[in-house]
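**Student:** Go by the hints and put chain C onto chain Z.
This is what each chain is made of:
There are 2 protein chains.
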Amino acid sequence: MRVALDAMGGDDAPGVVVDGAVEAVRTIPGLSVILVGDEEVIRPLLAAHGIAEDHPALSLFHADEVIGMDEAPSVALRQKKKSSIHVGAKLVKQRAADAFVSAGNTGAVMAVASVVLRTLEGIDRAGIAVPLPNNTGGLTVLLDAGANVSVKPGNLYQFGVMGAMYARHFIGVENPRVGLLSIGEEESKGNDTIREAHELMTRSSLNFIGNVEGKLLYKSYADVAVCDGFTGNIALKVSESVAGMITGFLKEMFAGSWRGKIAYLLLKKDLEAMKRRIDHAEVGGAPLLGIDGAVFISHGSSDARAIRFALAAAKKFIDQDVNGFIRQTLAENRGLLEVRKEEKPPPPPGVWDRVRGIIGLGGDEKKTEGDL
Amino acid sequence: MRVALDAMGGDDAPGVVVDGAVEAVRTIPGLSVILVGDEEVIRPLLAAHGIAEDHPALSLFHADEVIGMDEAPSVALRQKKKSSIHVGAKLVKQRAADAFVSAGNTGAVMAVASVVLRTLEGIDRAGIAVPLPNNTGGLTVLLDAGANVSVKPGNLYQFGVMGAMYARHFIGVENPRVGLLSIGEEESKGNDTIREAHELMTRSSLNFIGNVEGKLLYKSYADVAVCDGFTGNIALKVSESVAGMITGFLKEMFAGSWRGKIAYLLLKKDLEAMKRRIDHAEVGGAPLLGIDGAVFISHGSSDARAIRFALAAAKKFIDQDVNGFIRQTLAENRGLLEVRKEEKPPPPPGVWDRVRGIIGLGGDEKKTEGDL
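Just so you know, the sequences run in chain order Z and C. Residues in the first sequence are numbered from 180 upward in steps of one, following our numbering. Residues in the second sequence are numbered from 180 upward in steps of one, following our numbering.
There's no promise every hint is true.
Note: identical chains are not told apart, hence a pair may lie in one copy or across any two.
Unchecked claim - Listed next, the in silico EDC-like pairs over lysine to aspartate or glutamate satisfying Cα-Cα at most 20 Å (straight line): (1) K269 to E378; (2) K454 to E419; (3) K440 to E451; (4) K272 to D243; (5) K430 to E451; (6) K398 to D498; (7) K495 to E202; (8) K398 to E419; (9) K394 to D249.
Source of the hints: derived by calculation from the structure; they are not laboratory data. This structure is a prediction, so every number in the text was calculated from the model and none was measured.
Excised from the complex, chain Z in its bound form:
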């Protein structure tokens, strides 16, 4: 199992990335890593770890360019074809690697992976899946967390399939509950796209539980919460923001008085355990699901440990054949999107009415209702 690793991606690259790779090949049996990046920079780092050039599990593949963390993905995609992200994706394309891991520019990884590797047959758009902690100590997979600003109902259904197979075969949830992140539980809530996706998913073989309100996201109500990338990105980032604010208040409290300092000493271990429960480094980054190949995106601030977890995750994703199960689930539901494709050249009125009847299309719902 060979994983191509973007040595140049991340806030502290290439140092911590190389550290993580070395840790990973030393601790994860069956894993070999191809470090992709500037060989002149990386070679001495490997030497410092005592890694020989002919190491059986850790090799180096040169890439001329580096995409900065703040570069526009569309520009990077077109103008930096020799970047470590391009080269890493191409290694997967050419089956020289089974998976690609990067802690670099998320938008660039998505764009390059989508173009170089393409999506799985039957998947129109790839989506970023982020496993979020929940109140039971389990995980809820949020997707899409930012790859697609606007989506069609069929995309949301496909995200559901991808998320469900990831939850089942990677996280290990027997029969994942798939929901649509929306503003109310009732089927009529949300926008037209969500309502149509609701209908599609109801007819699919997924264990679809309907709409999931924001208030239930961290309550283990769903194993997979599906949404467009705009909503998912807001949900994810706002979550981090709230958690950051509360953590800040707690730090102030513990540092602000002698009582706080004593309490901190009493609670140190429990606070560390709590941090681990909330922290998602241990999950190993976010997979870009739906790509023909395995692509994992790590947080830009990843340390060596996070890189090691991401490499382990990429290996597990391949070992468990998550993509194979996505393909299989799409095949099980093969007819589902066909009805919609047939709609495009409008059939004669009688048939049209029958199609509307079959797929349950109703009138447009009032749009000013929301829950507070």
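**Tutor:** Relative to the frame of chain Z, chain C by itself:
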């Protein structure tokens, strides 16, 4: 200053609502409250508080019907015209009251208030504004938090005006920083609606600071964060969900061992202070901004104290003439939306190009970029 109060709205109505009203008129000088609801139920509750029928500051106005917390707003709007929500809104319409407060069905309050009271001249849609705590101890106003699932760029601009005047004249922020909640800081990020709103707000008299990413929502980066009601509702509810999960973990930690119990005793006061910082009961509920009249929506779980705060907030909103300042700001920017209205019947090509030039309309941006 008379505030109509929905006596029948809220999880613990009418008991805690009457308690809150009694507390309010006893502690807030210049406030009088009209309790709206079933007089046979409310009269004995008032009597129990020793409130006489001819009390100068607390009166009773009968309403035959009650809208349940889970009733569909559209149905309630049309079929329960004698509800306490309808009657309360009508009291404001007829200038028998200056403001209306309800802890009842949020969707129904929005729908009834919009229909009975209408929006201010120049405002097309009302929006729910929720003041969120931030890391500096200040507040960031999120709107729309759920009234409008889909919006146009002009609506977002109007939300900006409403939110800014609320932040300035109610919360007391000198020159409120107004931002658009989006998935990246760059002007090009977001969807077409956000990009057009960005352009409108840049040209307005607002102190517009551009896009605000989700990660900055609780970091006092903006005083007002504008978005559509779908995004706002997800952001608000997900925030509550994260905070709830962390609070749950903390409770477990404090109750789970003798060390936790000692730490709790040491930190009790600080934890209560922290809870108050995060809790938004003290802000007094969420105003439905843009309505011709003052309407405040309290959380369904409001206790007497929250009701008292909401009554105080409604009084302050009127005293500070927030609606007057909204009207004034709209007048300052009168020309802003006119350009767009003129666009509708497409002008001849030369003019069209010039209009595009003036308002800075560019090509459609690529839609698959997002930040993780």
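**Student:** Against each hint, give a clear statement of whether it holds in the structure.
**Tutor:** Hints versus structure:
no., hint, result
1, K269 to E378, "neither (38 Å within a copy, 39 Å between copies)"
2, K454 to E419, "both (13 Å within a copy, 19 Å between copies)"
3, K440 to E451, "both (15 Å within a copy, 17 Å between copies)"
4, K272 to D243, "within (19 Å within a copy, 70 Å between copies)"
5, K430 to E451, "both (13 Å within a copy, 15 Å between copies)"
6, K398 to D498, "neither (30 Å within a copy, 41 Å between copies)"
7, K495 to E202, "within (17 Å within a copy, 61 Å between copies)"
8, K398 to E419, "both (16 Å within a copy, 11 Å between copies)"
9, K394 to D249, "between (32 Å within a copy, 16 Å between copies)"
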